[in-house]
Amino acid sequence: MARVILDFEKPIIELEQKIAEMRSYSDNLDIAEEINKLEAKVDQVRRTVYSNLTRWQRVQLARHPDRPYTLDYIRLITTDFTELHGDRHFADDKAIVAGFGRIDKEAVLIVGHQKGRDTKSNIERNFGMPNPEGYRKALRLMQLAVKFRKPIITLLDTPGAYPGIGAEERGQAEAIARNLLEMSHLPVPIIVVIIGEGASGGALGIGVGDRILMFENAWYSVIAPESCSSILWRSWEYKEQAAEALKLTAEDLKEQGIVDRIVPEPMGGAHRDPEKAAQTLKAILLEELRALKKVKPEKLVQERIAKFSAMGSWKE
Amino acid sequence: MAWFRRSKENISTSVPKKDIPDGMWTKCGGCGEIIHRKLLEQNLFTCPKCNYHFRIGSKEYFGILLDAGSFREMDRKMRAVDVLGFTDTKPYKNRIDDSIRKTGLNDAVRTGEGAVEGVPVVIACMDFSFIGGSMGSVVGEKIARATETARKKEKPLIVISSSGGARMMEGALSLMQMAKMSARLAQLSDAGIPYISILTDPTTGGVTASFAMLGDIHIAEPSALIGFAGPRVIRQTIGKDLPAGFQRSEFLLEKGFVDMIVHRKELKSTLARVLNLLGS
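Chains as they are written, first to last, in numbering that gives the first Met the number 0: chain D, 0 to 315; chain S, 0 to 279.
One or more hints might be untrue.
Unchecked claim - Within a straight-line C-alpha distance of at most 20 Å, the following computed PhoX-like cross-link-like pairs (lysine-lysine) qualify:
no.	chain 1	residue 1	chain 2	residue 2
1	S	Lys89	D	Lys238
2	S	Lys37	S	Lys58
3	S	Lys101	S	Lys76
4	D	Lys314	S	Lys264
5	D	Lys281	D	Lys104
6	D	Lys146	D	Lys293
7	S	Lys76	D	Lys314
8	S	Lys264	S	Lys48
9	D	Lys146	D	Lys295
As the list claims (entries may be wrong) - Computed footprint of chain D on chain S; a stretch qualifies when at least three of its residues, placed anywhere within it, have a C-beta under 8 Å from a C-beta of chain D:
no.	region
10	80-89
11	206-215
Hints in this document: simulated from the structure, not taken from any laboratory. Don't be surprised by glycine CBs; every beta carbon is placed ideally from N, CA and C.
With the sequences and hints as input, model every part of the structure.
Shown next as structure tokens:
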């Protein structure tokens with residue numbers, strides 16, 4: 000598959016390629032100084048580009064096809080991962096994966112949206128858009144985690160719950176609503192991580208927890224910028240403005256009191272160094288788990304409900 | 000006959016259609032029957048000929064369902080705040096002010112305490128006329144508080160939904176209201192207090208995907224549009240026309256997502272019967 004390069008990544012990647020090229024024949028020539036100069040330049044370009052990302056550019060990074068997905072993080076941070084399938088009522092939804100595994104010594108349940116990387120796998124994964132059975136599988140396994148007193152980690156990365164005839168027939172809304180209600184009082188620690196796209200109810204459907212973490216270049220909002228543009232501006236053309244207006248980045252959400260902690264990404268985004276992104280996440284997860292495991296289950300639930308109850312803004 | 004054919008477009012009025020017209024005569028949205036306002040009111044805003052249910056608001060529902068003089072409104076003055084500084088074709092702030100002026104309401108839900116045939120209840124009713132019944136922080140907070148009141152006072156909770164979904168102009172904060180209300184409903188459920196969800200036309204998006212679908216009992220009005228995604232979005236996604244009756248109350252009853260469909264004229268007596276059956 001051809002490498003996908005976003006517009007604003009271009010100058011950086013071109014310079015990087017040039018450096019690599021020069022290195023390949025630097026054995027014969029003395030151009031070390033030149034290479035150093037170029038490296039300093041690429042460093043500076045990187046800093047300028049990535050410290051001035053617009054919200055829409057972050058949305059593009061969050062959707063980058065090379066960005067690590069749920070199964071990548073699972074592969075990079077767990078051992079003994081055992082995927083479990085099916086909602087026991089209708090089907091197994093491949094847009095949500097779930098199973099038990101270990102992070103260091105800690106056995107946990109991991110539930111996450113899963114996108115595909117090419118056309119074939121995207122069709123299999125339905126582009127990461129779950130049907131009701133996906134949410135019901137997630138709930139079934141979360142209840143299993145409660146039964147065996149295992150903490151739950153959910154990884155959010157979806158363009159939305161699937162809007163289809165079958166999804167409506169089988170109660171997409173009910174499946175999401177049920178998860179919101181049940182997750183709010185499950186007596187085990189729940190850590191939610193927005194790893195890529197957090198689009199609306201389809202993301203929140205596995206997104207209620209004690210700690211909400213968010214990757215630096217992920218987005219999370221009530222609607223995708225394109226859809227927002229099409230409804231409010233009656234055209235798809237205003238996606239950049241919509242992204243700005245929605246205030247949907249990790250920093251924005253931290254300011255709004257929704258996200259507890261931002262997971263820093265390697266320079267250029269998680270797709271430039273998935274291993275490093277995964278190790279950063281692992282360290283943070285272990286730290287948060289240690290703290291949450293000390294809290295009694297009843298208190299955990301109380302605090303979780305209080306946390307979500309405090310969200311919002313109004314005057315009276 | 001060509002002489003009489005209109006060569007230009009039909010004349011259209013620039014005045015938007017109103018949910019409840021001010022005039023003396025109203026045309027039924029179902030069968031086209033012309034109905035006198037008095038008769039419409041007597042019929043609780045349903046068509047005497049075809050049973051079409053006109054869209055009505057909290058004022059009418061409280062009048063229909065609650066015993067006369069029993070209603071005590073809560074959090075009446077709560078208003079939305081433009082926390083994101085959101086502007087699309089119009090600043091959100093202006094949208095709020097205009098809606099307040101136009102509807103005489105402060106936001107898209109009203110809550111309070113009252114009685115249904117003598118049974119004390121906590122009740123919330125959405126108003127579609129206020130920015131499409133959209134759910135932002137005010138709707139979230141008022142319903143969460145109503146749920147808390149129901150739990151603390153041990154009174155059944157009734158919520159009448161009518162909404163296009165979450166309010167985009169409050170971004171992720173409006174999304175979080177779904178979690179907030181659902182968490183409060185979990186506590187109400189754990190306390191063993193009944194919650195009856197009444198779904199009216201239309202109930203879609205984040206409202207359906209949270210409190211509207213979490214009732215112990217779901218009552219729908221006839222032919223109400225109820226769903227997660229709107230029909231237009233689904234049509235665009237699948238590129239096909241939708242089957243007749245798709246996402247209507249009757250469809251949801253068939254698929255097992257509502258307990259019953261009740262005509263507005265029987266809503267109060269049905270509610271009272273159910274509350275008495277579930278009450279102690």
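Hints versus structure:
{"no.": "1", "hint": "S:Lys89 to D:Lys238", "verdict": "holds (16 Å)"}
{"no.": "2", "hint": "S:Lys37 to S:Lys58", "verdict": "holds (17 Å)"}
{"no.": "3", "hint": "S:Lys101 to S:Lys76", "verdict": "holds (16 Å)"}
{"no.": "4", "hint": "D:Lys314 to S:Lys264", "verdict": "violated (37 Å)"}
{"no.": "5", "hint": "D:Lys281 to D:Lys104", "verdict": "holds (12 Å)"}
{"no.": "6", "hint": "D:Lys146 to D:Lys293", "verdict": "holds (18 Å)"}
{"no.": "7", "hint": "S:Lys76 to D:Lys314", "verdict": "holds (8 Å)"}
{"no.": "8", "hint": "S:Lys264 to S:Lys48", "verdict": "holds (14 Å)"}
{"no.": "9", "hint": "D:Lys146 to D:Lys295", "verdict": "holds (16 Å)"}
{"no.": "10", "hint": "80-89", "verdict": "holds (count 7)"}
{"no.": "11", "hint": "206-215", "verdict": "holds (count 7)"}
The structure is inconsistent with hint 4 alone, although it conforms to all the rest.
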